[in-house]
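**Q** Okay, here's what each chain looks like letter by letter:
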Amino acid sequence: MTDLPSPPEPAAVPAYVAAAPTTRPRRTAAAAAVAVLAVAAGAFGVMTLAAGDGSESPEAAVEAMFAAIDQEDVIGVLEALDPVERDILRPAVEETGEQAERVEVASNDLDLRKVAGVDLEVEGLTFTTERLGDGITAVDLTGGTVSSSADLDRMPVGATVKTLLDRDEDQGGDGDRSASDTIELAGTRLVATEADGGWHVSVLYSIAESVRLDGDPVAEVPDFGAGIAARGAADPEAAVRAAIDAANHGDVRRLIELSPPGEMAVLHDYGPILVNEAGDPNEEPWADVAALELETADGPDGTKVVSATSFEAVAAEEYSTTTWNYDGSCTTLTQQYDESFDDGWTNVAPNEGVLVEAPDPEVPGSETHTSEYCDDDPRSGVFSPFLFWSGGTAGQLRFVTQEHDGEWFVSPSRSIIESTIGGVRDLGVDDVRLLARLWAGESWLAEPDELWEACGVDRPADDVTAEAGEAALVACYDALPEDYAGGYGYGYGFGFGFGYGGSSEVYEAEGEAIDERSYPCYEGDAAATEACLADLVEQGVIAPSELEAYRCDAAYNAVIEAAGDLEDVDEATWDAADRAYGACMAEVFDEGGTDAGGGEAAPTPTTPVPTATTVPPPAPAPSTTSPPFQEAPEGRVPDATTTTTLPGS
Amino acid sequence: MGRVAPGALVVLAVAAVAVTFAPWLRTGAARRTSHQVVQAADRLEVLEPGAQAAVSVGWAFLPLVAALAVLAVLLDRPRLGAALAALVGLAVISLAVIINNAPRSADWGAPAGLAIGSALVAAALATACTSRSAP
Chain E
1 MTDLPSPPEP
11 AAVPAYVAAA
21 PTTRPRRTAA
31 AAAVAVLAVA
41 AGAFGVMTLA
51 AGDGSESPEA
61 AVEAMFAAID
71 QEDVIGVLEA
81 LDPVERDILR
91 PAVEETGEQA
101 ERVEVASNDL
111 DLRKVAGVDL
121 EVEGLTFTTE
131 RLGDGITAVD
141 LTGGTVSSSA
151 DLDRMPVGAT
161 VKTLLDRDED
171 QGGDGDRSAS
181 DTIELAGTRL
191 VATEADGGWH
201 VSVLYSIAES
211 VRLDGDPVAE
221 VPDFGAGIAA
231 RGAADPEAAV
241 RAAIDAANHG
251 DVRRLIELSP
261 PGEMAVLHDY
271 GPILVNEAGD
281 PNEEPWADVA
291 ALELETADGP
301 DGTKVVSATS
311 FEAVAAEEYS
321 TTTWNYDGSC
331 TTLTQQYDES
341 FDDGWTNVAP
351 NEGVLVEAPD
361 PEVPGSETHT
371 SEYCDDDPRS
381 GVFSPFLFWS
391 GGTAGQLRFV
401 TQEHDGEWFV
411 SPSRSIIEST
421 IGGVRDLGVD
431 DVRLLARLWA
441 GESWLAEPDE
451 LWEACGVDRP
461 ADDVTAEAGE
471 AALVACYDAL
481 PEDYAGGYGY
491 GYGFGFGFGY
501 GGSSEVYEAE
511 GEAIDERSYP
521 CYEGDAAATE
531 ACLADLVEQG
541 VIAPSELEAY
551 RCDAAYNAVI
561 EAAGDLEDVD
571 EATWDAADRA
581 YGACMAEVFD
591 EGGTDAGGGE
601 AAPTPTTPVP
611 TATTVPPPAP
621 APSTTSPPFQ
631 EAPEGRVPDA
641 TTTTTLPGS
Chain H
1 MGRVAPGALV
11 VLAVAAVAVT
21 FAPWLRTGAA
31 RRTSHQVVQA
41 ADRLEVLEPG
51 AQAAVSVGWA
61 FLPLVAALAV
71 LAVLLDRPRL
81 GAALAALVGL
91 AVISLAVIIN
101 NAPRSADWGA
111 PAGLAIGSAL
121 VAAALATACT
131 SRSAP
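Quick note, the sequences are listed as chains E and H, same order.
At position 160 of the first sequence (counting the first as 1) the number is 160 in this note's numbering, and the numbers step up by one without a gap.
At position 55 of the second sequence (counting the first as 1) the number is 55 in this note's numbering, and the numbers step up by one without a gap.
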């Protein structure tokens with residue numbers, strides 16, 4: 001029994017063998033199918049990587065951008081832009097968002113990919129195209145609208161803005177936190193550029209085209225690629241020094257040469273037009289710059305950021321000399337007015353802030369005023385890059401330089417962004433809240449302690465109402481000794497008063513250009529105002545120049561009003577109004593119609609005179625007594641002679 | 001178990017590829033697939049150049065790698081298939097985690113990708129383990 005062979009194990013062999021004929025062919029077929037899919041997947045990968053950046057045509061690029069706007073798709077908008085420009089914009093947009101959250105302007109809910117409370121809608125887009133050059137095509141929008149609506153209550157605003165809004169509402173604001181608008185697109189010219197086979201919308205070329213088309217006469221389309229050649233400097237500091245020197249001489253050509261050839265190709269292309277517009281450089285510098293010390297730091301993407309550690313600049317003008325002295329932390333601004341100010345004709349009164357074309361025998365002849373603005377002062381920080389000449393600090397000016405083929409260039413766009421964001425980086429939440437109130441009109445917050453001490457009025461606590469603060473400031477100005485030579489606040493320098501925007505703040509900034517005793521006159525209609533002013537002149541209460549200036553301003557306003565709705569006033573009408581005003585002023589002074597003082601030739605609006613940027617910050621007059629002023633539409637900048645003289649109703 | 005894991009791997013690999021074409025990111029009213037997200041990141045130069053190139057190439061060929069993983073399993077190369085599938089799963093998980101970090105913008109594809117990618121990695125591990133222990 002033991003020799004009997006064991007029965008075979010009931011192995012699975014028969015079953016395995018039996019199964020093989022059906023499984024293998026099925027697996028093989030499946031594997032073959034998957035292999036085909038793998039090839040297709042490989043092709044997909046290759047196609048994905050080969051897909052170009054950009055749209056197939058200029059029209060498609062513009063459509064892509066507006067489609068993204070319609071969907072409030074920030075990434076889509078950035079993708080539609082020229083690659084070089086989005087390289088500049090993207091980090092700026094991101095850091096702006098981060099900084100906005102940090103200083104509590106935006107809440108932590110801010111998501112730049114979808115800003116809550118903002119709705120955009122693009123409709124009826126139509127356009128035509130015009131080829132400008134190789135890879136550069138203008139897309140002229142012939143129809144379409146962008147409707148926008150914003151609801152602050154839904155927007156991710158931070159505590160800073162909420163506080164400001166609540167404060168405004170508590171003080172009688174209308175509490176309306178929503179806004180909507182519709183923009184007509186017809187007449188807009190966008191420029192699309194081609195790079196690596198894809199078309200994108202170029203913001204910079206679009207702006208350049210707008211400048212070209214606004215010229216009179218309109219310049220020819222530039223010869224793209226054959227404009228002003230790039231010519232850099234040996235190192236970052238040399239590039240910045242060269243740029244400062246060029247700016248100081250008004251040498252636009254040199255400034256363009258110093259801009260990076262790739263990033264600022266638009267400047268090089270349109271350079272000849274800009275140079276032609278700007279005219280020849282000045283032989284004499286606008287200001288003597290001395291002891292300019294610079295320091296260089298590493299920036300992103302191989303850039304170098306150059307900033308000043310000290311300098312002194314002296315600008316001598318017809319009636320004044322302005323000196324900026326920056327010691328690395330503070331800018332001391334000294335303004336000296338010579339006696340010609342007191343000649344009875346042109347008078348830049350130190351505490352009025354802007355040009356006053358009216359005699360004021362009470363203002364002493366030669367005066368010196370000194371103000372100091374420090375980098376760590378939040379009130380001079382955020383706008384200093386653009387207003388340092390009028391009282392900001394130079395410490396925030398940062399020049400971003402780039403190297404190309406061994407030469408260094410100054411990037412204007414990156415410098416502006418860096419200087420602006422750099423100023424914000426140094427601010428704290430409380431600083432920004434203070435600035436927000438300043439921007440909202442509470443200029444008294446910016447007044448220095450020395451002014452309050454000089455006038456003997458207690459500085460109001462920071463949390464008082466706007467009305468109380470303003471009242472205290474008015475009381476302070478009333479009590480301010482005439483020989484006060486200290487500093488002034490500069491709240492009105494923040495984009496309002498010095499913006500030449502024709503706003504009521506500009507009018508207020510003109511301050512005592514209008515004798516305060518005449519304020520009640522401006523509460524009536526035009527005829528009543530003129531009659532009232534005439535009475536005061538007759539009584540010897542106010543200077544005749546105020547009446548004359550009022551009449552000239554009325555001439556200006558008459559031209560504007562004759563054109564109908566202010567929104568519809570075109571450039572030609574604004575120019576005509578300027579001419580009417582200028583002619584009136586010239587007539588008045590040429591005829592010696594106003595109290596001619598010393599009998600010297602009176603300046604007309606076209607006479608070179610010190611501008612608002614060279615005089616101390618303004619002392620606002622009480623807004624409640626300010627007469628109305630024709631506000632120019634946004635973007636329209638009436639010339640200085642118009643905005644710095646007495647406005648009429 | 002010996003056949004369940006490779007089968008799950010095949011199904012999940014297909015699902016992982018499919019989910020990459022679902023909407024992953026919402027910007028405004030626009031919705032982007034994972035491939036469009038990677039493309040946009042490339043155009044906007046969100047990452048360092050080297051990393052961006054790796055991500056772009058890797059994501060473009062992710063379907064190919066997944067297909068090769070399935071093919072390897074079908075050709076009785078379960079460990080190779082598992083390795084490739086794990087690669088796909090980890091890549092999907094990585095991008096899904098990044099996008100899910102911005103929950104207000106993440107679309108449904110991102111959390112789905114996270115779930116499917118995780119399951120695929122698990123299936124890959126199971127496949128690798130079972131194929132190692134098989135006689």
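Among the hints, erroneous ones may be present.
To give an idea of the chain E side of the interface with chain H (calculated C-beta under 8 Å), a few residues [stated by the list, open to error]: (1) Gly45; (2) Val74; (3) Ile75; (4) Leu78; (5) Glu85; (6) Arg86.
What the simulated footprint calls covered on chain H by chain E, stretch by stretch (three residues with Cβ under 8 Å from a Cβ of chain E suffice, anywhere in the stretch; the number is not a length) [claimed, not checked]: (7) 29 to 37; (8) 65 to 71.
Sample of chain E residues facing chain H (criterion: CB under 10 Å; computed from the structure) [stated by the list, open to error]: (9) Ala40; (10) Thr48; (11) Val115; (12) Val218.
Honestly, the hints are just simulated from the structure, not real lab data.
We put the CB at the ideal spot given by N, CA and C, even for glycine.
**Q** What hint numbers does the structure not satisfy?
**A** 5, 12
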